[in-house]
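Let chain A serve as the given structure and place chain B on it in line with the hints.
Below, each chain spelled out in residue letters.
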Amino acid sequence: GAVVSQHPSWVICKSGTSVKIECRSLDFQATTMFWYRQFPKQSLMLMATSNEGSKATYEQGVEKDKFLINHASLTLSTLTVTSAHPEDSSFYICSARSSGRETQYFGPGTRLLVL
Amino acid sequence: QKEVEQNSGPLSVPEGAIASLNCTYSDRGSQSFFWYRQYSGKSPELIMFIYSNGDKEDGRFTAQLNKASQYVSLLIRDSQPSDSATYLCAVNRSNDYKLSFGAGTTVTVRA
Chain A
1 GAVVSQHPSW VICKSGTSVK IECRSLDFQA TTMFWYRQFP KQSLMLMATS NEGSKATYEQ
61 GVEKDKFLIN HASLTLSTLT VTSAHPEDSS FYICSARSSG RETQYFGPGT RLLVL
Chain B
1001 QKEVEQNSGP LSVPEGAIAS LNCTYSDRGS QSFFWYRQYS GKSPELIMFI YSNGDKEDGR
1061 FTAQLNKASQ YVSLLIRDSQ PSDSATYLCA VNRSNDYKLS FGAGTTVTVR A
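If you read the sequences in order, they're chains A and B.
In terms of my numbering, the first sequence opens at residue 1 and continues consecutively.
In terms of my numbering, the second sequence opens at residue 1001 and continues consecutively.
In short, the hints are calculated from the structure, not lab data.
Backbone N, C-alpha and C define an ideal beta-carbon position, used for all residues, glycine too.
Certain hints may be false.
[Said to hold, decoys possible] Here are some of the chain A residues that sit facing chain B, going by a computed Cβ distance under 8 Å: (1) Glu-22; (2) Thr-32; (3) Ser-43; (4) Leu-44; (5) Leu-46; (6) Thr-49; (7) Gly-53; (8) Ile-93; (9) Arg-97; (10) Thr-103; (11) Gln-104; (12) Phe-106; (13) Gly-107; (14) Gly-109.
[As the list claims (entries may be wrong)] Heads up, simulated SDA-like pairs for lysine to any residue below, C-alpha to C-alpha not over 25 Å straight-line: (15) Lys-1002/B with Ser-1069/B; (16) Lys-1098/B with Leu-115/A; (17) Lys-1056/B with Gly-100/A; (18) Lys-1067/B with Gln-38/A; (19) Lys-1098/B with Thr-78/A; (20) Lys-1042/B with Pro-108/A; (21) Lys-1002/B with Met-45/A; (22) Lys-1098/B with Thr-17/A; (23) Lys-1002/B with Gln-60/A; (24) Lys-1098/B with Phe-91/A; (25) Lys-55/A with Gln-38/A; (26) Lys-1056/B with Ala-1103/B.
One chain only, chain A, in its complex shape (with noise of 0.2 Å):
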């Protein structure tokens, strides 16, 4: 149980392009999604956390223009990545709970890389 999945697992585009990256739980009504950027050698990064059916809050200085959230169903979040640079090259990983249980369980993550 507890099955996260992200799609593409991989993604390389060009500067200036737009990326949709999708985090669905496959076992369990996800309540809560979470959006996190892992750059090599540093821990997880929370950019932003969706709860079903209303709007995305983002941390502190994560664009929310530039990265777009959509949690549209309790089993279907997707991040889009809007006008990617290099900078943007990252692993972004997302995560799910369920409601009334703390643990989020982690999808395998998207490698993007943006030339």
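Okay, now just chain B, sitting in the frame of chain A:
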């Protein structure tokens, strides 16, 4: 002061030994504590969580929590080469479900 601090390591232990990982946190209101393992190039996977003071054992892993000292640890008994990874301590923030992560401790188990 960082919210969650861990010894960065690397921690090198021989196969079969005990690996001891430490973590301190600054938010005295935190109630939930998690240990995740992250292999190189992969996302974190949950090892165990602990909510109450004392010890909690799960197989070869034991988590220890001392809220008065704001300290949580993880012991890995009978360490195996497959335990070589970065271990992340995560602490919930008071009154919400967000987690603050430590920088991680890299463990290398020598065969």
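Earlier hints that do not hold, by number: Going through the list in order, the structure violates hints 1, 7, 16, 18, 22 and respects the others.
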